[in-house]
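Chain A is fixed; fit chain B with the ligands onto it per the hints.
Residues per chain are reported as follows:
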Amino acid sequence: MPELLKVSITEDINRRSGASLRIIVPMKQVPDMRQVKFDTEKGKVDRSSAAAEINPFDLHALETAVQLKEKLGAAVTAISMGPRRAEVALRDALARGADSAVLLEDSKFAGADTLATSYTLACAIRKLGGFDLIICGEKTVDGDTGQVGPELAEHLNIPHLAYVSKLVEAGEKLVAVCDMEGEAHIVEASLPVLLMVTKDINIPRLPTFRDKAMARKAEVTIWNAEELSSFADPSRFGIEGSPTRVRKVFLPSEEGRKGKIFRNTNEEAISDVAQAILDFLG
Amino acid sequence: MKDYAGVMVFAEQREGRIHPVTYELLGKGREIADKLGRPLSSVLLGDQLEAEARELVYHGADRVFWYDHPVLKDPDLVNYKHNIVRLVREVNPEIFLLGATRWGRSLGARIAAALGTGLTADCTGLEVDEDGSLIQIRPAFSGNVLAQIKTSTKPQMATVRYKVMSSLPRDTHRNGEIIRKQAELIPSPLTITGKERAAEADIAEAEVIVSGGAGLKRAGDFSLLAELAELLGGTVGSSRLPVDSGWIGREHQVGFSGHTVKPKVYIACGISGSPQHLAGMRESGCIIAINSDPSAPIFKIADYGIVGDLYEVVPKLIKNIKRLKRCNS
Ligand SMILES: Cc1cc2nc3c(=O)[nH]c(=O)nc-3n(C[C@H](O)[C@H](O)[C@H](O)COP(=O)(O)OP(=O)(O)OC[C@H]3O[C@@H](n4cnc5c(N)ncnc54)[C@H](O)[C@@H]3O)c2cc1C
Ligand SMILES: Nc1ncnc2c1ncn2[C@@H]1O[C@H](COP(=O)(O)O)[C@@H](O)[C@H]1O
Numbered sequence: 121m122p123e124l125l126k127v128s129i130t131e132d133i134n135r136r137s138g139a140s141l142r143i144i145v146p147m148k149q150v151p152d153m154r155q156v157k158f159d160t161e162k163g164k165v166d167r168s169s170a171a172a173e174i175n176p177f178d179l180h181a182l183e184t185a186v187q188l189k190e191k192l193g194a195a196v197t198a199i200s201m202g203p204r205r206a207e208v209a210l211r212d213a214l215a216r217g218a219d220s221a222v223l224l225e226d227s228k229f230a231g232a233d234t235l236a237t238s239y240t241l242a243c244a245i246r247k248l249g250g251f252d253l254i255i256c257g258e259k260t261v262d263g264d265t266g267q268v269g270p271e272l273a274e275h276l277n278i279p280h281l282a283y284v285s286k287l288v289e290a291g292e293k294l295v296a297v298c299d300m301e302g303e304a305h306i307v308e309a310s311l312p313v314l315l316m317v318t319k320d321i322n323i324p325r326l327p328t329f330r331d332k333a334m335a336r337k338a339e340v341t342i343w344n345a346e347e348l349s350s351f352a353d354p355s356r357f358g359i360e361g362s363p364t365r366v367r368k369v370f371l372p373s374e375e376g377r378k379g380k381i382f383r384n385t386n387e388e389a390i391s392d393v394a395q396a397i398l399d400f401l402g
Numbered sequence: 002m003k004d005y006a007g008v009m010v011f012a013e014q015r016e017g018r019i020h021p022v023t024y025e026l027l028g029k030g031r032e033i034a035d036k037l038g039r040p041l042s043s044v045l046l047g048d049q050l051e052a053e054a055r056e057l058v059y060h061g062a063d064r065v066f067w068y069d070h071p072v073l074k075d076p077d078l079v080n081y082k083h084n085i086v087r088l089v090r091e092v093n094p095e096i097f098l099l100g101a102t103r104w105g106r107s108l109g110a111r112i113a114a115a116l117g118t119g120l121t122a123d124c125t126g127l128e129v130d131e132d133g134s135l136i137q138i139r140p141a142f143s144g145n146v147l148a149q150i151k152t153s154t155k156p157q158m159a160t161v162r163y164k165v166m167s168s169l170p171r172d173t174h175r176n177g178e179i180i181r182k183q184a185e186l187i188p189s190p191l192t193i194t195g196k197e198r199a200a201e202a203d204i205a206e207a208e209v210i211v212s213g214g215a216g217l218k219r220a221g222d223f224s225l226l227a228e229l230a231e232l233l234g235g236t237v238g239s240s241r242l243p244v245d246s247g248w249i250g251r252e253h254q255v256g257f258s259g260h261t262v263k264p265k266v267y268i269a270c271g272i273s274g275s276p277q278h279l280a281g282m283r284e285s286g287c288i289i290a291i292n293s294d295p296s297a298p299i300f301k302i303a304d305y306g307i308v309g310d311l312y313e314v315v316p317k318l319i320k321n322i323k324r325l326k327r328c329n330s
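Line by line, the protein sequences are chains A and B.
Heads up, the first sequence is in the numbering used here, so the first residue is 121 and it goes up one at a time.
Heads up, the second sequence is in the numbering used here, so the first residue is 2 and it goes up one at a time.
Chain A on its own, in the form it takes in the complex (with noise of 0.2 Å):
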């Protein structure tokens, strides 16, 4: 992993004295996706099908925030919204190397949309004090937009660097990587920025049976709306301050597919694909 993460420790680092980076790694508890149940009928997703986790890809976010601390010093903390159980995602982070964790946690909270998340996110960390980096997954595997990081961006004035699949450096400045489709750009930015990271960044460590024990008995701050308060309009938080709303969800239909099947491989049939791929391309 070392080549994946490049770092020079700039005068401005050495600097600091005591004070090292300051990292925010906003994650989400989510359902493994290999296990989580679709009610065809309801078109309903069954979240207590399957076990919950933390969002994979914030585990590349989570990994280059920790060799970050690594490398330069930093204090490295989880921040999540969700119900009460995700205190166990955060508990897991702990494990893999955070410093401490928050979790916001509120029924006013429910039912947030990407606007409304970000926003509550950016009042927390707003509660938080100062940082220097928030670090981003790419997405969730649940919610699946990839803008909660920019919106939280937005919302703290700060820029941001979407795609990042490499640091080149980090320091007084930090210079990245960002995948645009076919397309690199080599970015450089001051601090403090956020980044969304992709999975292609690092691979993220296992951690060890002795973080666990260690991360069980860790403390989880936890704050609710209450709490927010003096940094946020509470209107803003959860349904209420959501202007989208999910008005469905139905499974995709594979209806207009010609279905043609055959059983076996004589040489008709080979036949008819081979024809069938030289028609459909004229």
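Treat the hints as calculated values from the structure; they're not laboratory data.
As a list, the in silico DSSO-like pairs of lysine-lysine whose alpha-carbon atoms are at most 30 Å apart: (1) 368(A) <-> 151(B); (2) 368(A) <-> 157(A); (3) 157(A) <-> 378(A); (4) 164(B) <-> 286(A); (5) 380(A) <-> 317(B); (6) 368(A) <-> 263(B); (7) 74(B) <-> 155(B); (8) 319(A) <-> 157(A); (9) 319(A) <-> 286(A); (10) 247(A) <-> 189(A); (11) 36(B) <-> 368(A); (12) 265(B) <-> 380(A); (13) 191(A) <-> 196(B); (14) 157(A) <-> 164(B); (15) 380(A) <-> 326(B); (16) 263(B) <-> 378(A); (17) 157(A) <-> 263(B); (18) 293(A) <-> 196(B); (19) 164(B) <-> 196(B); (20) 286(A) <-> 191(A); (21) 196(B) <-> 74(B); (22) 320(B) <-> 301(B); (23) 286(A) <-> 332(A); (24) 319(A) <-> 263(B); (25) 378(A) <-> 323(B); (26) 326(B) <-> 378(A); (27) 332(A) <-> 189(A); (28) 74(B) <-> 286(A); (29) 218(B) <-> 380(A).
Positioned in the frame of chain A, the structure of chain B with the ligands alone reads:
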């Protein structure tokens, strides 16, 4: 300026060339604008792109808001956001669409948060409700379900997946107004210091894709698929498993965490058809599945399926295509 409302499309450009998703959005935008009885506008930022602004008219825009400045040549996040947010506040479109490219998603989310409006990601369908509001259809849960979403704030914003909507034929007789706007520039805290082209041809652009999955026995067997792909003028794709095994590069991966593709012909060899794989190729024109297991889910979405061993079927297919090509020439 009230009559400028209606639908607005962000014209994405790279190195001065309009990204084709823009024309697709203009095609869909035209349909929606006509249904609403409202105009369709587009916003183009760049360096000396007047000819491209006219192209947007030829593809359906009634009005093009055109910003011209060397700083806007590159995707400058801060200045793009700043100027588009100002324009949206001035013009008040009811609907604002961007391509769900990486740049479109990154920029769109910032614009939406700055305006405090809702944004629906990666739509594959857009419709207009009886009350004139926008119904946005998008895959969620890693492509396992489709969700119908409505937005209560204006503009109703959405990013739309590339190669899902259809563009209108280019028509140079179409009339439209090009409105030159003065960009307000602010110093950007981000600097693009270099660019690298990816060496590989972009699989998302291929007309034919022959993909291999865990049904392949070894890495070298991708050459068999490459032979078929080459014969059809296409390229090779993969499910996630061969990529994870290091048999083929990640740029070939099709699916939820890989590329979304929409070739004319997609040939899946030894791929079971997991929801995450289908999420990336479901929109293909003609889907061919080759799999030894008759109950493999891939057959459910196939136009043509062959139940059999890919090591037997693919060489036969190559032989037959060669024969048919000879007959036709
Ligand atoms: C968050 C997340 C994201 C993911 N993203 C992606 C993604 O982007 N793309 C993706 O593809 N997957 C993705 N996956 C993985 C996905 O769930 C499946 O594991 C994967 O698609 C399965 O690949 P496969 O079809 O090649 O393998 P398998 O499911 O193992 O299927 C192999 C098939 O080959 C057939 N076969 C075996 N031998 C032969 C033979 N000789 N001839 C013909 N057929 C044969 C078998 O019958 C079987 O159907 C993702 C998973 C998660 C959790
Ligand atoms: N509820 C949440 N709590 C904390 N972080 C989140 C939450 N939802 C999304 N994120 C962060 O935002 C990223 C993008 O999420 P999304 O926009 O849902 O695809 C994730 O990878 C996380 O880093």
